[in-house]
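Chemist: Protein chains in written order, with this note's numbering: chain C, 48 to 419; chain G, 29 to 496; chain D, 172 to 455.
Just so you know, not all the hints are guaranteed correct.
Stated by the list, open to error - Distance windows between CB atoms, simulated:
#, chain 1, residue 1, chain 2, residue 2, range
1, C, G217, D, G356, 23 to 29 Å
2, D, A319, C, G242, 55 to 61 Å
3, C, G242, G, N204, 21 to 27 Å
4, G, Q249, C, G242, 53 to 59 Å
5, C, N52, G, R182, 36 to 42 Å
6, G, R182, C, L202, 26 to 32 Å
7, G, N204, C, W100, 22 to 28 Å
8, G, L165, D, D268, 36 to 42 Å
9, G, L165, C, L77, 31 to 37 Å
10, C, R408, D, D412, 37 to 43 Å
Calculated directly from the structure, the hints in this document are not laboratory data.
We treat Cβ as the ideally placed atom computed from N, Cα and C, and that holds for glycine.
Single-letter residue listing:
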Amino acid sequence: METANIVQNGRQLVTKNPMAAFLIVVGVVLIIDVVRQLATGDITFSRILSLLWDGLMRGLVIGLAGIGLSMTYSILNFANFAHGDYITAGAFAGWATTYLIAGGFGAESSVGSLLLVGAGGSVFGGTLGINVVSTPLAVVAGLIVACGFTIALALLMDRFVFKPIRGSGGIPLLITSIGAAFAIRYLLRFVFDPGTRGTTAAGAVPDIRPTIIDGSVVFTMHDLALIVVAGGLMLGVHLLLQRTKLGKAMRAMSDDQSLSRITGIPTERVIRATWIIGGGLTGVSGFMFVLWKGTLSWNDGWLLLLLIFAAVILGGIGSVYGAIVGGLIIGIVASTAVIWIPSGFARAAAFFVMILFLVVRPQGIFAGRSTA
Amino acid sequence: MTDTEPDDEYAQRDDEEEVSFFGITFPNDGTMLLVLLLATYALYLIAGAVIGFPVRGLVNQLGQLTFWIALFAMSALALNLQWGYTGLFNIGIVGFMATGVYVTAIISKPVYGTGTSAAQVGGLGLPLSVGILGGVLAAGLLGFLAALPALRLRADYLAIVTIALSEIVRFALLSNTLSEGTVGGYTLGLGGGNGLILDFTDPLEALIRALSLPFDLVTGQEGFLWTEIYIGIIVNGISVFTPGNPKSVVDTFAYAAVLLLVLGGFYVLLRRTGNSPFGRVLKAIREDEDVTNALGKNTNQFKIKSFVVGCALMGLIGILWFGTQGSVTPNTFRPRITFYIWIALIIGGAGSNTGSVMGGAIFAAFLFQGPRYAKNVIETVLGEPSAPSSFSQAVAPILSADIVPFFLYTVDNMRQLQLVLMGVVLIVLMHRRPDGLLGHRKEIASSVPLDRPTGNKSLASDGGETDE
Amino acid sequence: MSEATGESRSEPAHVGDDEELTATRGTADVNEIPLRVRNLRKTFGGITAVDNAGFEVERGTMTGLIGPNGAGKSTTFNCITGVHTPDSGVVEFNGTDITGLEPYEVANRGLVRTFQIARELSEMTVLENMLVAPKNQRGEKLWRSVLAREDVNQQEYELVERAWETLDFFDIDHLAEEYAGNLSGGQRKLLELARALLTDPDMLLLDEPFAGVNPTLEERLLEHIHDLRDQGYTFLIVEHDMDLIMQNCSKVIVMHQGNILTEGTPDQVRNNEQVIEAYLGGEV
Numbered sequence: 048m049e050t051a052n053i054v055q056n057g058r059q060l061v062t063k064n065p066m067a068a069f070l071i072v073v074g075v076v077l078i079i080d081v082v083r084q085l086a087t088g089d090i091t092f093s094r095i096l097s098l099l100w101d102g103l104m105r106g107l108v109i110g111l112a113g114i115g116l117s118m119t120y121s122i123l124n125f126a127n128f129a130h131g132d133y134i135t136a137g138a139f140a141g142w143a144t145t146y147l148i149a150g151g152f153g154a155e156s157s158v159g160s161l162l163l164v165g166a167g168g169s170v171f172g173g174t175l176g177i178n179v180v181s182t183p184l185a186v187v188a189g190l191i192v193a194c195g196f197t198i199a200l201a202l203l204m205d206r207f208v209f210k211p212i213r214g215s216g217g218i219p220l221l222i223t224s225i226g227a228a229f230a231i232r233y234l235l236r237f238v239f240d241p242g243t244r245g246t247t248a249a250g251a252v253p254d255i256r257p258t259i260i261d262g263s264v265v266f267t268m269h270d271l272a273l274i275v276v277a278g279g280l281m282l283g284v285h286l287l288l289q290r291t292k293l294g295k296a297m298r299a300m301s302d303d304q305s306l307s308r309i310t311g312i313p314t315e316r317v318i319r320a321t322w323i324i325g326g327g328l329t330g331v332s333g334f335m336f337v338l339w340k341g342t343l344s345w346n347d348g349w350l351l352l353l354l355i356f357a358a359v360i361l362g363g364i365g366s367v368y369g370a371i372v373g374g375l376i377i378g379i380v381a382s383t384a385v386i387w388i389p390s391g392f393a394r395a396a397a398f399f400v401m402i403l404f405l406v407v408r409p410q411g412i413f414a415g416r417s418t419a
Numbered sequence: 029m030t031d032t033e034p035d036d037e038y039a040q041r042d043d044e045e046e047v048s049f050f051g052i053t054f055p056n057d058g059t060m061l062l063v064l065l066l067a068t069y070a071l072y073l074i075a076g077a078v079i080g081f082p083v084r085g086l087v088n089q090l091g092q093l094t095f096w097i098a099l100f101a102m103s104a105l106a107l108n109l110q111w112g113y114t115g116l117f118n119i120g121i122v123g124f125m126a127t128g129v130y131v132t133a134i135i136s137k138p139v140y141g142t143g144t145s146a147a148q149v150g151g152l153g154l155p156l157s158v159g160i161l162g163g164v165l166a167a168g169l170l171g172f173l174a175a176l177p178a179l180r181l182r183a184d185y186l187a188i189v190t191i192a193l194s195e196i197v198r199f200a201l202l203s204n205t206l207s208e209g210t211v212g213g214y215t216l217g218l219g220g221g222n223g224l225i226l227d228f229t230d231p232l233e234a235l236i237r238a239l240s241l242p243f244d245l246v247t248g249q250e251g252f253l254w255t256e257i258y259i260g261i262i263v264n265g266i267s268v269f270t271p272g273n274p275k276s277v278v279d280t281f282a283y284a285a286v287l288l289l290v291l292g293g294f295y296v297l298l299r300r301t302g303n304s305p306f307g308r309v310l311k312a313i314r315e316d317e318d319v320t321n322a323l324g325k326n327t328n329q330f331k332i333k334s335f336v337v338g339c340a341l342m343g344l345i346g347i348l349w350f351g352t353q354g355s356v357t358p359n360t361f362r363p364r365i366t367f368y369i370w371i372a373l374i375i376g377g378a379g380s381n382t383g384s385v386m387g388g389a390i391f392a393a394f395l396f397q398g399p400r401y402a403k404n405v406i407e408t409v410l411g412e413p414s415a416p417s418s419f420s421q422a423v424a425p426i427l428s429a430d431i432v433p434f435f436l437y438t439v440d441n442m443r444q445l446q447l448v449l450m451g452v453v454l455i456v457l458m459h460r461r462p463d464g465l466l467g468h469r470k471e472i473a474s475s476v477p478l479d480r481p482t483g484n485k486s487l488a489s490d491g492g493e494t495d496e
Numbered sequence: 172m173s174e175a176t177g178e179s180r181s182e183p184a185h186v187g188d189d190e191e192l193t194a195t196r197g198t199a200d201v202n203e204i205p206l207r208v209r210n211l212r213k214t215f216g217g218i219t220a221v222d223n224a225g226f227e228v229e230r231g232t233m234t235g236l237i238g239p240n241g242a243g244k245s246t247t248f249n250c251i252t253g254v255h256t257p258d259s260g261v262v263e264f265n266g267t268d269i270t271g272l273e274p275y276e277v278a279n280r281g282l283v284r285t286f287q288i289a290r291e292l293s294e295m296t297v298l299e300n301m302l303v304a305p306k307n308q309r310g311e312k313l314w315r316s317v318l319a320r321e322d323v324n325q326q327e328y329e330l331v332e333r334a335w336e337t338l339d340f341f342d343i344d345h346l347a348e349e350y351a352g353n354l355s356g357g358q359r360k361l362l363e364l365a366r367a368l369l370t371d372p373d374m375l376l377l378d379e380p381f382a383g384v385n386p387t388l389e390e391r392l393l394e395h396i397h398d399l400r401d402q403g404y405t406f407l408i409v410e411h412d413m414d415l416i417m418q419n420c421s422k423v424i425v426m427h428q429g430n431i432l433t434e435g436t437p438d439q440v441r442n443n444e445q446v447i448e449a450y451l452g453g454e455v
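One chain only, chain C, in its complex shape (with noise of 0.2 Å):
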């Protein structure tokens, strides 16, 4: 009986929703060897274990940064992608005053160095001994600056790039928002050069190892940093949207853009709200990352833009939720891939799992509940 019934099931799953039983089928073959590479010591259980934080602490970035993008597709209608080098301006500018800070003003090396976040090697963040710990007040101020300033760019882009041709439908403005992408991009190579620095020293940031079942786990205190400055703004995301009449707006306005007009809710405003919210998270999400992740680049931020997009699509375009879950599910799969696939091909298989979520589901996971 319950066999059959599963049988049934089953049957009906493959000729309703082939995709699905498709992706069913794909993940069993998936776990099972993963089991395999489990009995056989390919893997260890603590590395997995480690692969899965450090998708999740990605999935955090990702979604956190997410929100922005994901608000601004729904509420203005078009694909931005200046925003990857939104995360990337606010990561510069919060990193130009953490340095300066832990960097005394110019007592450990010249406050143009500082500012410049070692250009060219002149100064290391390790020499400065950044982290959350020792350095607290340059972190807090770095990740307040960050947002700020990026607040103001996505504000400023707003006014004199997009504003202009608002009405002029996605796709002029898409393109546009490409122009913009890249003169904010190579303008901060100009001014920061090329090179990658390390902006806290390997290896000296506190952290635990505990021993879990076959091996050891690193949790540091950046992650649990991360995790409180991404959680506690996703929830404040969350209650603004509930609990206050301009998230309502927002909320009506990615719904129908023509109907909210109608309707009086003034838009002007909500689009920068919109702005303002959307940015402050990207900055911080960019100013999160680089401490987390210990290093920065110019085009951080573009190699980030991708797997958001790939995110927000997953989740649903203009649903909040569905960023955050969708950054998740990619920083995952970005991060646990390479148990099954080369390492090169790991950002690939995001990529993957996003154009065939277009093509199958583009409405996304969470469709028709758009930014609730």
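With the hints as your guide, set chains G and D onto chain C.
Modeler: The following block gives chains G and D in isolation, referenced to the frame of chain C:
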């Protein structure tokens, strides 16, 4: 091929329309393009001559400029087929270019036996013509695979899919897994991060040797055109003027000339494609796919064809572009190159073939090669000054009213600033001239003039040529 | 009309790209009844838009399909033209089953639609708009457009001539070189009808052709449609304006809540209790 009579007839009609550029009115597109190009070359020459740039360098610059003009014009034409005509938003162009040149390399690189200890991967050792064909087909095939699922998507989703695809291609090229392996006794691979050395016959030499075949039969000498004419007469002749390594200068020019010919081929191909019932359906799809479908056109088929042909052409451009560079590495194929081509198309105005050529030329001359040339010129004038190594060193002296270090830093980092400039240009174009720098261009999608057939009532067309 | 046949949908006989698109079952019935819809049913996520609808359209007539808002007219229309695939039921055109075919396949069989809001191809000229329509153009094959120009051109000249003739017929030839996007609403309607004609249809489905059209133009459009009917074209017109349909159609089909409420001559329909009920029962 049939003769081009009717096409010319149409072209004539088109050319009757006056065009203006920066306030100067030209009788037709062809003249304008010619004047524009001559002016650009003159500008380059004068700038070089004034500061006493060595002749050799000057001549080389012109050859390179021609190379870039041809390449970007071709690229804009190919993209115009996809975006301008069909409305397919492809921002993964660079992935198709990479596919083209890598597949060509694998097919045409010489065979390295499995025994050789040299780390270099080999190829199948087939002639370059086979390699080029293979590369073009591979790019088209990748386009086909992408098109099957993706063409149902909205334009912005297609954009994201194509750029992700181009990055997936780059990751594959970078991957260690695919960098080297043995397939059927051949040592093949993509070379990973080190890329591939393109040690097949130089494309220019291969072409001239191929053209030489009839002469070889007559003269009984293999590669007659190459050894006797090209090297024997032309290169040696030039060496009278520039004694040091004359071949590279001649090569640059000869290859640029070949590219101009290919550009001509592209133009004829895409103009015929556009000005035809096929192109008309593509335009209709761009305007409203549902309507086109309801009029009995299998829109999916048209979209796939347009996309695949565009991608195959992009593959060919990739081969022509990177095939002469001696080697390729995966990180060359970053989205930046796609961005260049989009700007070229938007300068010229999407939807117009003549516009695409002009956009490509303007982009190549003023946004791509121009700043680099300016950097060269300025540095030569100033006698290779040493620029500050960081932004802070460049900015600090401004406080004491010394802007020289900043200026030098700017010149030194021209390649970065160039992209900032391009970004700004794109934004300004989208704001002020979304139809292209030259304004809206009317190109009628039909293979024959659409005038009222003569012999009919002759009060005919009084509907003016309003471009509004 | 509702012979409940639980028959499985027969695979439509696929007609290739060739011009042979006429009926395969050459019965007298088929000659008289080009369009036959049976047991049509379409639901959207639990809401039944069309439920067991069936009707026939006679050749060379103007048939009106009316009904209050939400009666299922548009969905029926979309099921016939291939925009939606019905959940069940059969659509037969000229004796062939066309249920579930793609819109372009339906159009290529000679059943061509226009849209409620005229959808011109804005950035193409009126002539270009017209020239998209003809079926089986040689130059629609990419290789022929590039390599066999002579061949293509020859046909193009013929098509251009036909396009001008049709524009003359609709008195919009003075707009031939204008961008379609610059036309007025009424001119667009004319263009759309003219364009549909160039596909050589047997039958035209017009979706609210008179919506938003001024009385003068409405008169003109009607004149054209009557002319075309006299030439042998068949029309099925979805329309909101009941009077218009009553005055011009020989047969009227009334839909209500997804069903066919009744059908008959305008007089029969006008006096039908149910119709009065449906229209006056507060559903409008």
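Chemist: Give a verdict on every hint.
Modeler: Here is what the structure says about each hint:
1. C/G217 to D/G356: 23 to 29 Å: 26 Å, holds
2. D/A319 to C/G242: 55 to 61 Å: 58 Å, holds
3. C/G242 to G/N204: 21 to 27 Å: 25 Å Cβ-Cβ, so the 21 to 27 Å window holds.
4. G/Q249 to C/G242: 53 to 59 Å: The hint (53 to 59 Å, Cβ to Cβ) holds, given that G/Q249 and C/G242 are roughly 55 Å apart.
5. C/N52 to G/R182: 36 to 42 Å: 39 Å, holds
6. G/R182 to C/L202: 26 to 32 Å: 28 Å, holds
7. G/N204 to C/W100: 22 to 28 Å: 25 Å, holds
8. G/L165 to D/D268: 36 to 42 Å: Since the Cβ atoms of G/L165 and D/D268 sit about 40 Å apart, the hinted range of 36 to 42 Å holds.
9. G/L165 to C/L77: 31 to 37 Å: 34 Å, holds
10. C/R408 to D/D412: 37 to 43 Å: 41 Å, holds
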